[in-house]
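Spelled out, the chains give:
Number of protein chains: 2
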Amino acid sequence: MKTTALIMAGGKGERFWPKSRKSLPKQFLVLTNDKRTMIQLTVERILPLVDMEDIYIVTNKDYKELVSEQLPEIPKENILCEPEGRNTAPCIGLGAFHISKKYEDAVMMVLPSDSLIKDGERYRELVKEACELAKKGNNLVTMGIKPNYPETGYGYIKFSREEKEGNAFKVDRFVEKPSLEVAREYLATGEYLWNAGMFVWKVSTILSLFKEFLPDMYKGLGKIADAIGTPEQEKVLEKVFPQLESISIDYGIMEKAGSIYTIPGDYGWDDVGSWLAVGRIKKADNNNNVLNGRVITVNTGNCIIEAKDKLIAAVGLENIVVIDTEDATLICNKDSCGDIKKVLENLRQLNYEEYL
Amino acid sequence: MKTTALIMAGGKGERFWPKSRKSLPKQFLVLTNDKRTMIQLTVERILPLVDMEDIYIVTNKDYKELVSEQLPEIPKENILCEPEGRNTAPCIGLGAFHISKKYEDAVMMVLPSDSLIKDGERYRELVKEACELAKKGNNLVTMGIKPNYPETGYGYIKFSREEKEGNAFKVDRFVEKPSLEVAREYLATGEYLWNAGMFVWKVSTILSLFKEFLPDMYKGLGKIADAIGTPEQEKVLEKVFPQLESISIDYGIMEKAGSIYTIPGDYGWDDVGSWLAVGRIKKADNNNNVLNGRVITVNTGNCIIEAKDKLIAAVGLENIVVIDTEDATLICNKDSCGDIKKVLENLRQLNYEEYL
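Protein chains in written order, with the numbering used here: chain W, 1 to 356; chain P, 1 to 356.
It should be emphasised that the hints constitute simulated quantities derived from the structure, not laboratory data. None of the hints are false.
One copy or any two copies: either way a pair holds, since identical chains are not told apart in the list.
Quick list of in silico lysine-lysine cross-link-like pairs, DSBU-like style, CA-CA up to 30 Å:
1. K12 - K282
2. K341 - K177
3. K177 - K342
4. K22 - K235
5. K341 - K308
Note that the structure is predicted; figures quoted are calculated from it, not measured.
Looking at chain W on its own, in the form it has when it is part of the complex:
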């Protein structure tokens, strides 16, 4: 049975402004020490397991060109364009139907396009195991992440120590983002993993679950699938997709389905959720500054500073992020990265469209 991959690349992430823009979201940015963008790294990472022709990218139609440019080896017909974002269930269903048109059945990985994994080898080892497990019967496998601190911004996966298959454990349930107190309890039990949105299953398995738990969506996606390869393909997609229910795969299927396994991941996963992550990932100097470009620091520590065309001199700064781009410069307290979206709100109010 063939192994295929669906990479979700529709995100519009605003958290990396001013580098990320409406026309250039996070997954298309270089954010690590590597010269490749997040989505290029994602493809690279799974290539030993999947043929290039079996990698599908679901993205917003606005980013079709970007995907083609950054991933020229991916067949054009594998770049699936959502007319608008409808959360992860329609996105994954669209991918599953496309793959089912090509193969009678196949293993299908579902991956975000904008997270980082430090130990690619260990990751592939466990993904391979997930693929084997997915092939057996109708198992859903989710690649959970061993938490190393009580993060309150992620959902968690509760597994059961008793039911084990190799490195995989049976999933008890999915839980929403917890409070700090609850997150601490989760960590203490050792039976909770972060839900990183990485799944492995057979196409046949997930499609039958769409049919069972999201029957209207299944019908809609079926119409879209019927038109694939016909002159109507585009038109049907444009008409039907926006009417599909906007719902996550977790909420729509995973929380209802049985026979779900999780494989605890210990391969240095990072969702690269904000500029702070860049500070974690990139190499810091002796003062714990992560510097890029022509930067001079005097009595400055714990800062992230990326110069572009101008020299940046930082004097007496602590805990500050400076990101310079061609037309805009962000200077942000590390503790205020969550407020970057307020800058974008301001820009919208001021009709400064060119910076969005």
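Use these hints to put chain P onto chain W, whose structure you have.
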């Protein structure tokens, strides 16, 4: 008797980097809400008291063009160029000899080119009184500033309440920059003023004091004066001036001379010593931010932010100075403005001449 003015504009101030550069020191910058530069404001301020043809500018030869551009009404021959900076005594002596070539005697104000005075009218009133006092006998008059906090970066003038002439008091002595404790004591007595380097005297008075207390310098300056208007003028200046003792007028003459008066100034003097001063002078918004250009602030207070060609977004910043220029951006904690010179040291070490 004619009233003349000597404006000292040789400073190379590094404290306003990146706006000030080797080729564009502070006195030639716009630093206030006014559109005029510091030296333009200085000339404007005294114009009601002095004819344009009686205003002399002493500057470094590198800035001759800048002075001409910014002050086209000043006669070219009134722009006196020091081959190199030798502190204030040679500078003032050079000016005094030049004026003595033109007038048998005259009142001479000596003024820095880079300080700010808010109440120009009150200032002129007191300068006028100083001129009258200088005309009488051989009085030296120094325009002291009433201190409103115990500044440790200035020298002080101790005056005597007993000996009064109109608004002027007899000076007891000049004192060096004090410790904070001593500065507090000075303030408490009410008998100390800041020494702002503004003087008024007759040319004949100051020249006779040069002859008495700095006889070698007097001779050297005499040689330079003898060559004024001859083909040798430039050559003699270039040869003799660099050999003159490098000494301040305070140390070389004022601390030794008798009959010195001071007029306590209450006209909103500001030496505009650093970016902090710009924060004091310019209008602040409700969050006490002084903003210039396209700036967006979110949860940001007590900052000074000057955008240039790029939009600047400040998020969660407190007490920070951001100055953008064409090729360099300074981001500096307000408490670290004194460390800006370390940036320049770094730039020199790195051979980044273009930013100096």
